[in-house]
Every structure is written in C-alpha cells, then in structure tokens.
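Undergrad: Residues per chain, in single letters:
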Amino acid sequence: MDQGTMETLNEIKSLAAKQFGGESDLIDENAPVDRLGIDSLGFLEFLFELEDHFDISIPQERIAHVRTLNDLATAIDSLLAKKQATAN
Amino acid sequence: MHRVVVTGLGVIAPVGRNPSEFFDGLIAARSGIRPVASETIPQPHSLVAGQIDFDPSRYFLAHQAAQLDRATQFALAAASDAIVDASLELTEQQALRTGVYWGTGLGGATSIEESYRNFFVGNGRVRPTAVVMGMNNAAAGQISITYGFRGPVLNLSTACSSSASAIGEAYRAIRGGYADVIVAGGSEALVTLGNLMAWDAMRAIAHADPFDPSRSCKPFSANRVGLVLGEGAGALVLERSDWAVRRGSHIYAEIVGYGNTSDAFNISKPDSAGQVRAMRLALAEAELMPDEIDYVNAHGTATQIGDVVETNALKEVFAERSRPWVSSTKALHGHLMGASGAVEMVASVMALEHGIVPPTAHLDVSDPSCDLDYVPNEARSRELRAVMSNSFGFGGMNAVLIARRLPRIVR
Numbered sequence: 001m002d003q004g005t006m007e008t009l010n011e012i013k014s015l016a017a018k019q020f021g022g023e024s025d026l027i028d029e030n031a032p033v034d035r036l037g038i039d040s041l042g043f044l045e046f047l048f049e050l051e052d053h054f055d056i057s058i059p060q061e062r063i064a065h066v067r068t069l070n071d072l073a074t075a076i077d078s079l080l081a082k083k084q085a086t087a088n
Numbered sequence: 001m002h003r004v005v006v007t008g009l010g011v012i013a014p015v016g017r018n019p020s021e022f023f024d025g026l027i028a029a030r031s032g033i034r035p036v037a038s039e040t041i042p043q044p045h046s047l048v049a050g051q052i053d054f055d056p057s058r059y060f061l062a063h064q065a066a067q068l069d070r071a072t073q074f075a076l077a078a079a080s081d082a083i084v085d086a087s088l089e090l091t092e093q094q095a096l097r098t099g100v101y102w103g104t105g106l107g108g109a110t111s112i113e114e115s116y117r118n119f120f121v122g123n124g125r126v127r128p129t130a131v132v133m134g135m136n137n138a139a140a141g142q143i144s145i146t147y148g149f150r151g152p153v154l155n156l157s158t159a160c161s162s163s164a165s166a167i168g169e170a171y172r173a174i175r176g177g178y179a180d181v182i183v184a185g186g187s188e189a190l191v192t193l194g195n196l197m198a199w200d201a202m203r204a205i206a207h208a209d210p211f212d213p214s215r216s217c218k219p220f221s222a223n224r225v226g227l228v229l230g231e232g233a234g235a236l237v238l239e240r241s242d243w244a245v246r247r248g249s250h251i252y253a254e255i256v257g258y259g260n261t262s263d264a265f266n267i268s269k270p271d272s273a274g275q276v277r278a279m280r281l282a283l284a285e286a287e288l289m290p291d292e293i294d295y296v297n298a299h300g301t302a303t304q305i306g307d308v309v310e311t312n313a314l315k316e317v318f319a320e321r322s323r324p325w326v327s328s329t330k331a332l333h334g335h336l337m338g339a340s341g342a343v344e345m346v347a348s349v350m351a352l353e354h355g356i357v358p359p360t361a362h363l364d365v366s367d368p369s370c371d372l373d374y375v376p377n378e379a380r381s382r383e384l385r386a387v388m389s390n391s392f393g394f395g396g397m398n399a400v401l402i403a404r405r406l407p408r409i410v411r
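As you go down the protein sequences, you meet chains A and B in turn.
The C-terminal residue of the first sequence carries number 88 in my numbering, and the numbering is unbroken.
The C-terminal residue of the second sequence carries number 411 in my numbering, and the numbering is unbroken.
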C-alpha cells in the first residue's frame, strides 16, 4: 500500500467515525461496510460526504465492487489521481 | 364487531413534550407560541409559530437522526412514548396483527425544502436521502420498522384532518377485525421559511400580537386575526378491548364513533353542512345522544370565517338547552396541521381521564357570531361522560372522533 492510500484511508476512517460514531482507530478497514453498522442508505450518505470532502464525483461503476473502506480508499485514490492528471 | 380502547398516549407539541407536561400546560393556559427565529426567516418579519425545543440526540444517534425528517423525529418520539405507556410487548404472531395508521399533511416538508434550496441556490447537490426523508409515508414506515409492526399500514393525507382520519380508520380496522392493535396518530413540521411564506401569502396566518406574541392565536375571540402554525406529533395506542382487559392494560377511554364527510363545496372555505353531517355520523355510530357529549375539542383555528362556520355547525348538532363545553386548544399549541387531530385527541382523552376541560386561551373579546360556551381562559372540572374532537381540513375534509369513559365494570 503506498503512502497516498494510507493518507486517504485515514481520512475516510476519520470521516466514518464522525458520521457513524466510534473511534477511527478501531474501525476495521478490511471489514465489509455493512458489518461496521452502515446500512445501504447510510453508505450512500457517506459517499455524498466523501464527494464533498475530496471534491470529486464518484461514479456508480467505481463503487459497484466496493465492499470495505480499503476498497473505497483505492477507488478514491484513483479518482484523485485522475483529477490531478486532468488538472495538469 | 370488536370494541376499541385507548391504552397508550404520546405527544410532542409546543406546550409539552410528553402527555402530562402537555396537558398540564393546556390546563394552565401556557402558550407554546413565540416569534419565528431569525435562523428560519432571515429578513425582518412579525410571524409567530408553535415551536418545540427538540433535541434529537435525546432520541436518536446522530447518523440515525440525519436520515429522519424533523416530522419523522417527532413521530418516532410520540409513538415511542405511547408504546411505552401501553406497555406493549408483542410476540411475533401478535406483531402480524399490529399496524400503524398515520396522518400528515406534507410529510417530510423540511427535507424537501432543504433539498430544493440546496439544488437551486446552494451547491447544486441533492442528498441521497432526500426521497426517503421527504416522502409522505416516511413516518409510518419508520414507526413500523422500529417496532416490527407487520400488520396493516396506512398513511393518510387529508390536510388538517389527516391524523383524526388515521385514528378513525384505525378504530374501524380494529373494530372490523383487520388488526388487534394499531399505533395511530400524526406528525407535522412546517415551521419552515417556504411554508410560512406560502401561508402568509394566503393571508391566513396571524402575525405577532403587538403586546404579547405568545397570545397571537385567539380562537372564537372577536379580535382573532388568523391561525398560527405549530409543529409536533401525537400518537395513540388503540387495541381490541378484550385484549386490553386480558393483559391488564390501563384503559384511558373507548373510541366509539367516527364521522368522515366531505363538504364538496370549496377547496379552502369550510361549510357547516359537511361538519354537521360528520358530527351526526359519529354520534350515530357511538349510539350517543348529543346531550351525552360533555366536551368538544373544537377545530377552532382562529380564522375569521372558520370559527363562525364551526360555531354554527355545533349549534345545529347540539340543542340549546344541552350544549357541551367547547374549547380550542390551538390558542396554546397552534395549528399542527396533519398532526392536529392526534394531538387534540390526546388532549380530549386526557380531559376525559382527569375530568378537566382545558380552556380556550386568549378569548378576551366576545364575538356575537361565536356565542357558545368556549370555556374562556380558565380550565374547568367535572366528570365527563363522552368527548368529541373535531378536525376539518382544506379540501372540505371533515373527521370527527368520539371517545367515552368505559363503564366501570369493564375498567
């Protein structure tokens, strides 16, 4: 895992802790999100917050296979990289 | 035909955040009406509303509350109190025969308004929860989900009579054997900028009383200037009487009559003929003579015409020598729109239970066109045999409920 992903993941975990309660250090990034007590609607709300936070748009096809927060960090990193490339 | 009794009460309203606080407030003529805060209406204004200091964190986790419109939060708070009050503990089988009948005028109006504001003038984004928070049946759904009630569910929207109709239809469903228990009531949260402006455009709402904003709503008083919006929710647990007796529940009252009629007259102007028919249908179903009704909780919105039309209807139904005490508690909590029928039915059932009639507050100047005994300004006590609660909605939609004390032998 590269440094960028780690940073993104930590931001995601801290946002998840803020939205759903609990401590970000205790969130298991490899657990399926529904096991973190996040239902499907809650997950959509969370994506909405992440889009605002990272100033990106997360297309549906990029999250179709997302099961864990780690998956999500990978997806967001690639979107951030794409955004960076477009800006350059 | 089963008999139907009330075994649980819940209310969250401008006068009180639980039934006893609410009823004590009504008896003491404590107003829950105050100027609308500048967070709601930024520009200078003179609007007032019945408002609740509501702390969602007392009832919900933050991420749960974020998925519930303010009206649905009220609904869950009131339903929870009613269910606890009724000591309702259901088996899986019983849950299949337990339902939710709910009433609301505009459902998740706060969420819809916020969504559109954000979309049109904000950052252009609509939250993913906008649909499920805004839809009219959100409260009924959330109550059913929270408590696992799997029986019949209905959401009624007949403007200001919504929750009275919900209670009436729930009574009929239990009576007819379609359910054993129903949590019935209604919720509304319309103290929003867009909604207040809409009502003001109709010239239907009172602006602040220049001397005391809390006294802006003056039903049946000659100096009345219109209705005052309120917010909140009311819930009643209705159940089959034999069921309630068997499990030893406290029984507040028996619901004995429900009248539902349409004026078929005008979309906003009420008509006493439709109201008279609704009251008479309820009386006939209750098998009560008009002189057996000791108290009427009036619709009494404090509009110029509405109070006169209702007065005329009451005079037609109740003979002069045996007229019941009539009061409008809206003077204190405002008009809770779709929730008003339920909140006022809670007040009516508590009046029956305690033998105390809440007054019509702020009735200072008598109006020759409103010449009934409205219990002005001070509560009165006496044993009440039966009470009637009137709710008349825009569209000419009338719902009248009658409750009576159970004979002691059944209690």
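Accuracy of the hints is not assured; some may be wrong.
Subject to a maximum C-alpha distance of 25 angstroms in a straight line, what follows is the list of computed SDA-like cross-link-like pairs (lysine to any residue) [to be verified]:
#1 B:LYS315 <-> B:SER214
#2 A:LYS18 <-> B:ARG127
#3 A:LYS83 <-> B:ARG125
#4 A:LYS83 <-> B:VAL132
#5 A:LYS18 <-> B:LYS315
#6 A:LYS18 <-> A:PHE43
#7 A:LYS18 <-> B:SER57
Treat the hints as calculated values from the structure; they're not laboratory data.
Undergrad: Tell me, which hint numbers fail for this structure?
TA: Result: hints 1, 4 and 5 break, sorted rising.
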